[in-house]
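*Asks:* Read off the chains here:
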Amino acid sequence: MFVGSLAWEGVSGMGLRTFIEGWPVYRQLTGTDPLGRGAAAKSARSAGLTARTEAAESVARSVCPYCAVGCGQRVYVADGQVTQIEGDPDSPISRGRLCPKGAASKSLVTSPLRQTTVRYRRPYSTQWEDLDLDTALDMIADRMLAAREQTWEDADEQGRPLNRTLGFASLGGATLDNEENYLIKKLFTAMGALQIENQARI
Amino acid sequence: MAEAHPVGFQWVMEAKRRGAKVFHVDPRFTRTSAVADAYLPIRAGTDIALLGGVVRYILDNELDFREYVLAYTNAATIVSERFSDTEDGDGFFSGFDPETGTYVQDSWQYEGNEDSSGSGHTAKERDSASGLEHESHGARVDGDTPRDETLQHPRCVYQILKRHFSRYTPEMVERVCGIPQDKFLELAQAWTANSGRDRTGMLIYSVGWTQHSVGVQYIRTGAIIQLLLGNMGRPGGGVMALRGHASIQGSTDIPTLFNLLPGYLPMPHHADHPTFDEWVDSIRHPGQKGFWGNAESFAASLLKAYWGDAATPENDYCYGYLPRLTGDHGTYQQVLNMIDGKIKGYFLLGQNPAVGSAHGRAQRLGMANLDWLVVRDLFMIESATFWQNGPEVATGEIVPEECRTEVFFLPAASHVEKEGTFTQTQRLLQWREKAVEPPGDARSELWFFYHLGRRLREKLAASSLPRDRALLDLTWDYPTHGPREEPSAESVLREINGYDVTTGRPLSSFAEARADGSTAIGCWIYTGVYADGVNQAARRKSRHEQDWVAAEWGWAWPANRRILYNRASADPDGNPWSERKRYVWWDAEKAEWTGYDVPDFEKTKPPSYRPPAGASGPEGIAGDDPFVMQGDGKGWLYAPSGVLDGPLPTHYEPVESPVRNPLYRQQANPTRKSYAHPVNSVNPSPPEEHSQVFPYVFTVSRLTEHHTAGGMSRTVRPLAELQPEMFVEVSPELAAEAGLAHLGWAHLISGRAVIEAKVLVTDRLTPLRVDGRVIHQVWVPYHFGFEGLVTGDSANDLFGITLDPNVLIQESKIGTCDVRSGRRPTGKALLDLVADYQRRAGITPGGHAPAVTTDQDVEGRDGS
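Chains as they are written, first to last, in full-length UniProt numbering: chain Z, 1 to 202; chain R, 1 to 864.
Think of the hints as simulated: they come from the structure by calculation, not from any bench.
The model shown is predicted, which means the values in this text are computed figures rather than measured ones.
Please note: incorrect hints may appear among the correct ones.
[Claimed, not checked] To list a few chain R residues with every Cβ distance to chain Z over 10 Å, as calculated:
no.	residue
1	R17
2	S33
3	S84
4	D144
5	E149
6	F291
7	P618
8	P724
9	I775
[As the list claims (entries may be wrong)] Facing chain Z, a subset of chain R residues (Cβ under 7 Å, in silico):
no.	residue
10	P323
11	M380
12	T425
13	L446
14	T715
[As the list claims (entries may be wrong)] Beta-carbon label-pair distances, calculated as ranges:
no.	chain 1	residue 1	chain 2	residue 2	range
15	Z	T126	R	A835	25 to 35 Å
16	Z	Q81	R	W11	29 to 39 Å
17	Z	A146	R	V852	42 to 52 Å
18	R	L472	Z	G80	35 to 45 Å
19	R	R717	Z	G31	31 to 41 Å
20	Z	G80	R	P732	50 to 60 Å
Virtual Cβ for every residue (Gly too), placed ideally from N, Cα, C.
Produce the entire structure from the sequences given, and follow the hints as far as they go.
*Replies:* Have a look at this one:
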């Protein structure tokens, strides 16, 4: 099919040959792109563009965070920012493909809606407040120790050991890494906290 | 699969291009149905009847792969004469204890083992979800069991199976499932014709299968078919679970689950496991065959990884430090305890139960009754703002000024802002490199828990209380790097892999685990992932540079094995069943097992090996017993123990069903876990009265463009734009019956909640003719909530809480409801509407359906 339009702008000051070659139909008829869907359709502007993936300073090999297929991702980074996430063509699982969610991963990680600061809601309050991360960590540690203290069970009625607290609980998602789950279970178990659950139960 | 696991689905299409026949069974016509060879619409909750029909078809026509079945399964094993089947017990196996609603399993055992193996009461096992412990190994059974190789003995497993499924005829399948007989026969014929020596067939399910009160038995039925047809341990065969989230497999292997420790070691129970030896013996069952015989090494090595120098053989490796279970401490019990004021604090780590768990209102009321709540997430999710924006604020049930819960929201790092491994659905660990630093206060869970632990230990450093020793003696010294002191994920992975305590050398295989304190292993099934000090999960050899097994991409547990039990891909003599299906075989010249994959067998144990009398552990496994984790080395068609609701799957109706069970007077799973709590309820089902108050069946599933509770998709612009609104799919017939207009509004009412949705009238939903009447099913996505770029009512609010007895997973794929045209009421009028339905249905707070229904009449049942 013949498509495209003459690039009228910029004709003046341009040689006739350049002008004709700037005409997509000419390139379509004479070049390697008879259908006019590739090189023939390119304008000077599009020819001058480079892919974000080419401009990346580093590429991280990653894995899609959505479902459990485990599609390979390549995460392109420039200036400390994620500029593109693409399917990894080397992956024997996904062969470079991503679904709509995986393909939207860049929008996920760069979303302006992401919360990037600690927020705190006091008891009986109607609003959020800011809180320093270090302070938050300290307050949480104090509350865990207090809840543990108040609910600690040494032994059952027959004197058999219990070594536990049922004073607090946890429910984790399944985008936690194995290493993270390992530390969570290890720490909570050492505190005697039993009620540790995960999306895997749901 | 095309909807929820689209990229994985490319392999189904690849198989189809190569001649595979694809059958799709689903209550709703989806993109998968569109490209399948055949689509079978099914009444939700009746899969055991359908698959049981296939089992009967195989046995009746003797289409099982007899050589495989005889050699590799327990088909020939003879069962106790005390066993009686559901066919004789109107839906009950022998051993039911109505007081606890659980079974005593003695009579299910193999002959001669009634009192010696996996017998006894199972009430405690149900509360501790002990079915999950068997993910990596078989339940207890003694190895030396009587067999009848002719399969003629009336009490051999083969004959029991035949009798058990004898009434699952094509007619019965049609009557229960609403699947026409010719469609069913097409499936049964194709499945059997494409299995055997030269061909294999695969069963793929999504984990919605687990979200039923009989979820484990669904999967058991699939496994029985695949064993009968010789499809286990062979290429192109198997039962493939499509798990739903990036590392949900990892979250089970290295569990953050109340009843498990890493590698499926059970969390000790206060009554059953008072000492280290009793704990270990309950795992390895002394004298039993199979690899679980090495349990003491795995257990000691875990405790050594936790407590380092403090853990010695003399003090049982600090076994006394472990907390003890006394019963059900699962997530649903927790939420009810929160409502009752028994729990003070709650951590939510990338999880959004206000939308994602069953009975959303109970979840939110529970969170509103805490002292403190820590939410770690990327976005401000519903579980963080329930006190401010939740539906209960609109109805006046939660008043912010009266809600005492102190909420900490801590921003989390995304998957590109931290390094670590995910374990995907085929047990494959893949390491992710870190691309960028997390923004602002955002941190990884690794950072949060490492530094939280450091701080807790500092605060207790001067303590002399015995209870604090476990925390103070804990090995907690991971190297950190960078200005934010991020702990090294690789150093944690190295501990998970395990190491020689003296030299620090990473172990290569769990066979190196020792019970003398010389090895420390964080998760024994992952040993090898850091073999030779190399992060094997980070391997990325291109698929173009290796064969189709792709063994050098990532690392699969156990031992980088891609197909489990692959010894079964060879015949008893060790030769491939056929050239076409060659995978792992015995090389007689080199006297070792070899093949495309890592053999799932002792490398030099010949097919001819027979264990000496009385042998136990791995030594007890014969050279032609492929199922090496099982106590008898066999694939279990019949499970004498380990599955709490029966040695064989039986069709029970879902807990909420408009239909009386056509097969037995027992209506629903009698061993299901129910909670009689004022906030919880079950809509009435036959034989109870008033089931017609909720005349329709609803089921839920995913959209391609959204993910679980929406926290990672309703917050993302392109995805929110693609699926902007909560909707309900209804058939044209139901739309006419209920007066629903396409693109208009409808609301759905259950005994718990009312939700509204836009109406999509579509023939993707088919009214089914079931037991002489028409059953309408509606479908809703479960992704919506009240935060994010696009919002809508939450489908999970409709469900009550009833769990599978084996794994304590909720029935949240099916419920009953009413559907009405128009928008739902708001404020107090909404509560009044639900209360009105409860009154009409006879639902009383805290009441629940009777577990046993065999004293009730069955309408239209055969022979009654």
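*Asks:* Tell me, which hint numbers fail for this structure?
*Replies:* none
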